[in-house]
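Q: Chain residues, written in single-letter form:
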Amino acid sequence: MTEDIIKVKDLIVAYDEKPAIWHLNMTLQKNSITAIVGPNGAGKSTLIKSIMQLIKPVSGEIQINGSKSKKALKDVAYVPQKGEVNWEFPTTVLDVVLMGRYVHKGWIKRPNKNDHKIAMSALREMKMEAFRNRQISELSGGQRQRVFLARAICQDADIYIMDEPLQGIDITTEKLIIKTIKSLQQEGKTFLVVHHNLDTVKEYFDHVIIMNKTIFAGGKISEVWTEENIDKAYNEVSAVR
Amino acid sequence: MIEVLFVLIIASLATSVLGVFLVLKNQAMTTDAISHTILLGIVLAFFITQDIRSPWLIIGAALIGVLTVYLIQLINQTNLIKNDASIGIVFTALFAIAIILISRYADNVHLDIDVVIAGEVLFAPLNRIEIFGFSIPRALWQLGLLLIVNTGFVALFYKELKVSTFDPKFAYVIGFSTTLIYYMLMTLVSVTAVVAFDAVGAILVINFFVAPVLTAYLLVKKLSHMIFLTAFIAVLNSTLGYLIGYNMDLSMSGATAAVAFLIFMTVFLFKPDGYIILKIKKRRQKKEFMHAMILMLMSEDEHETISLDEISKHFNLSRSETENQLETLEVDGYIVKTDEHYMLTLRGEEFTHYSRIKYELTPY
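As they're listed, the protein sequences go chains A and B.
Residue numbers for the first sequence follow my numbering, so the first one is 1 and each next one is one higher.
Residue numbers for the second sequence follow my numbering, so the first one is 1001 and each next one is one higher.
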């Protein structure tokens, strides 16, 4: 019996007048590694930002672990696109990873020794231990992505939502990230990943959501990853019109 | 007179501890906006109280300071206008409203920022207050309280300030209200700015909010270090500014702001990876690279003997530059000159061999 850990019902999201997401229904299966694919402007980032409550939808319902409240987000680790933070900020790699622990601290309380230990082991997992005292501005693109992932691991959430983690990074980091994702899956974690490269979908993921404003197909790779479904999503100019 | 120094130091500490976060949020110029918009608060409070010496004028100023910040944030949130532009539009608009109100309804009253806000640190010791039987300058008392409040705020909410400045979306997702943190910070900025304007003047306050922070920013890689170094530089600037102002009979504010600039420039130019060292390094690297390129060209069979003109043409260098390079190479013993043509020496051959390895080129 499979279980849906995230449910999205009849979601509509619009920027200004144009809908970015149109009557979208999807489910995220527990313990899956699910890719979201679709052409540019298909609303992939918008979908995960809506799930993270960073965007207010026009209508629709989003449930995480059966709950609609903001508290449910505590079970979700969000890995944003690399460009979205200030990389000139005076902070070290270890500091950033430690921020993952803040979610368990609440207001005012500081991370303690145990949190440091967890952060260090997350860094070790991403092979960034040697860089722990580096200022983040000195890191390469791939290293920055590893730091983000280490921060997410540090959060110790059940669900990981990632916005193009493999965009613009070196192949070593790509392999390492996928390896880490797969080993976290063994521990019972669930992944929802915006992905660009259609060639690697089969190799890296077990579930896929093909979308363009709305869902064209979703489910197991073996069942829905077909030429026909991909063509439909990529050739339709817009599902809305 | 020493009280003037205390006022400077406490004002610089109370402002710069908040300035760290303003600079990191790219909002350093907010204080500049506040320094002008408070006129509107003064004008409105005057209309209500009809008393130019009422303390409500200062309170009105602080309230408009908060409103300024609020409006800037409101415009920013539309994402239609960039941060610096929204500061510009809010600041001029509120200031203009104040000017219109004065010219329309208070033309016969001398109403201006400097009537209400003294802004001269030398006068600060004249306005005194009794605290626990001690007579101390009012400014010192007010700024001292703000220093405690501001430092307490940063110490208490250090983690929240850090994460919401570095990665606001992440902070929001993990359950911290970035809006609440932002408005707490900006309210303190506004109140501190107004009180400090009164004590030391607008320009110096803006300088206090920004200069020590930027100097520290050049030197450290951790936020906590940045805060402590900022405090140290703030005290240093104030003390040097006071000593220079006092001994040379200059404006204290002017001297302190000028010192802050000089210290910033010194760090900017002379720190280990600063402007000058970087320039020197780049120049040296460029020269060394050119040497290697010339020698490598000469190690190719078809250029075994080569004239100055051919080299300058090949690398697109001027004649004098080429002469310069070749002279150094000849003195160092990498090349010899015979009949206006150059040839590699044995040493030069060896050098090209190692250069190829260094630049990861295949051996020739």
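Source of the hints: derived by calculation from the structure; they are not laboratory data.
Computed from a prediction, not measured in an experiment: that's the story for all the values here.
Warning: the hint list may mix true and false statements.
[Unchecked claim] Across the chosen pairs, the derived CB separations fall in these ranges:
| id | chain 1 | residue 1 | chain 2 | residue 2 | range |
| --- | --- | --- | --- | --- | --- |
| 1 | A | 183 | B | 1059 | 58 to 66 angstroms |
| 2 | A | 41 | B | 1078 | 53 to 61 angstroms |
| 3 | B | 1096 | A | 41 | 35 to 43 angstroms |
| 4 | B | 1224 | A | 183 | 52 to 60 angstroms |
| 5 | B | 1270 | A | 110 | 33 to 41 angstroms |
| 6 | A | 25 | B | 1148 | 27 to 35 angstroms |
| 7 | B | 1112 | A | 41 | 49 to 57 angstroms |
| 8 | B | 1093 | A | 179 | 54 to 62 angstroms |
| 9 | B | 1337 | A | 127 | 49 to 57 angstroms |
| 10 | B | 1093 | A | 235 | 22 to 30 angstroms |
| 11 | B | 1300 | A | 88 | 38 to 46 angstroms |
| 12 | A | 172 | B | 1286 | 27 to 35 angstroms |
| 13 | B | 1239 | A | 133 | 31 to 39 angstroms |
[Claimed, not checked] The following residues of chain A were derived to be distant from chain B, with all beta-carbon distances above 10 angstroms:
| id | residue |
| --- | --- |
| 14 | 7 |
| 15 | 56 |
| 16 | 70 |
| 17 | 78 |
| 18 | 84 |
| 19 | 90 |
| 20 | 110 |
| 21 | 111 |
| 22 | 141 |
Cβ atoms here follow ideal geometry from the backbone N, Cα and C, with glycine treated the same way.
Q: Run every hint past the structure and note whether it holds.
A: Hints, verified against the model:
1. A:183 / B:1059: 58 to 66 angstroms: Holds - the Cβ-Cβ distance for residue 183 of chain A and residue 1059 of chain B, about 60 angstroms, lies within 58 to 66 angstroms.
2. A:41 / B:1078: 53 to 61 angstroms: The hinted range 53 to 61 angstroms is violated for residue 41 of chain A and residue 1078 of chain B, with Cβ atoms some 22 angstroms apart.
3. B:1096 / A:41: 35 to 43 angstroms: Given about 41 angstroms between the Cβ atoms, the range holds.
4. B:1224 / A:183: 52 to 60 angstroms: The hinted range 52 to 60 angstroms is violated for residue 1224 of chain B and residue 183 of chain A, with Cβ atoms some 34 angstroms apart.
5. B:1270 / A:110: 33 to 41 angstroms: holds, 36 angstroms
6. A:25 / B:1148: 27 to 35 angstroms: This hint is violated: roughly 55 angstroms between Cβ atoms.
7. B:1112 / A:41: 49 to 57 angstroms: holds, 54 angstroms
8. B:1093 / A:179: 54 to 62 angstroms: The hinted range 54 to 62 angstroms holds for residue 1093 of chain B and residue 179 of chain A, with Cβ atoms some 56 angstroms apart.
9. B:1337 / A:127: 49 to 57 angstroms: Check passed, 54 angstroms falls within 49 to 57 angstroms.
10. B:1093 / A:235: 22 to 30 angstroms: violated, 50 angstroms
11. B:1300 / A:88: 38 to 46 angstroms: Since the Cβ atoms of residue 1300 of chain B and residue 88 of chain A sit about 44 angstroms apart, the hinted range of 38 to 46 angstroms holds.
12. A:172 / B:1286: 27 to 35 angstroms: holds, 32 angstroms
13. B:1239 / A:133: 31 to 39 angstroms: For residue 1239 of chain B and residue 133 of chain A the Cβ distance comes to about 32 angstroms; the hint holds.
14. 7: Its Cβ never comes within 10 angstroms of chain B, the nearest being 19 angstroms, so this holds.
15. 56: At roughly 13 angstroms from the nearest Cβ of chain B, residue 56 of chain A sits farther out than 10 angstroms, so the non-interface label holds.
16. 70: At roughly 7 angstroms from the nearest Cβ of chain B, residue 70 of chain A sits no farther out than 10 angstroms, so the non-interface label is violated.
17. 78: violated, 5 angstroms
18. 84: violated, 6 angstroms
19. 90: violated, 5 angstroms
20. 110: Answer for residue 110 of chain A: violated, closest chain B Cβ roughly 6 angstroms.
21. 111: Incorrect as stated: the minimum Cβ-Cβ distance to chain B is 8 angstroms, not above 10 angstroms.
22. 141: For residue 141 of chain A, whose nearest Cβ neighbour in chain B is about 17 angstroms away, the distance exceeds 10 angstroms, so it holds.
Violated hints for the displayed structure, listed by number in ascending order: 2, 4, 6, 10, 16, 17, 18, 19, 20, 21.
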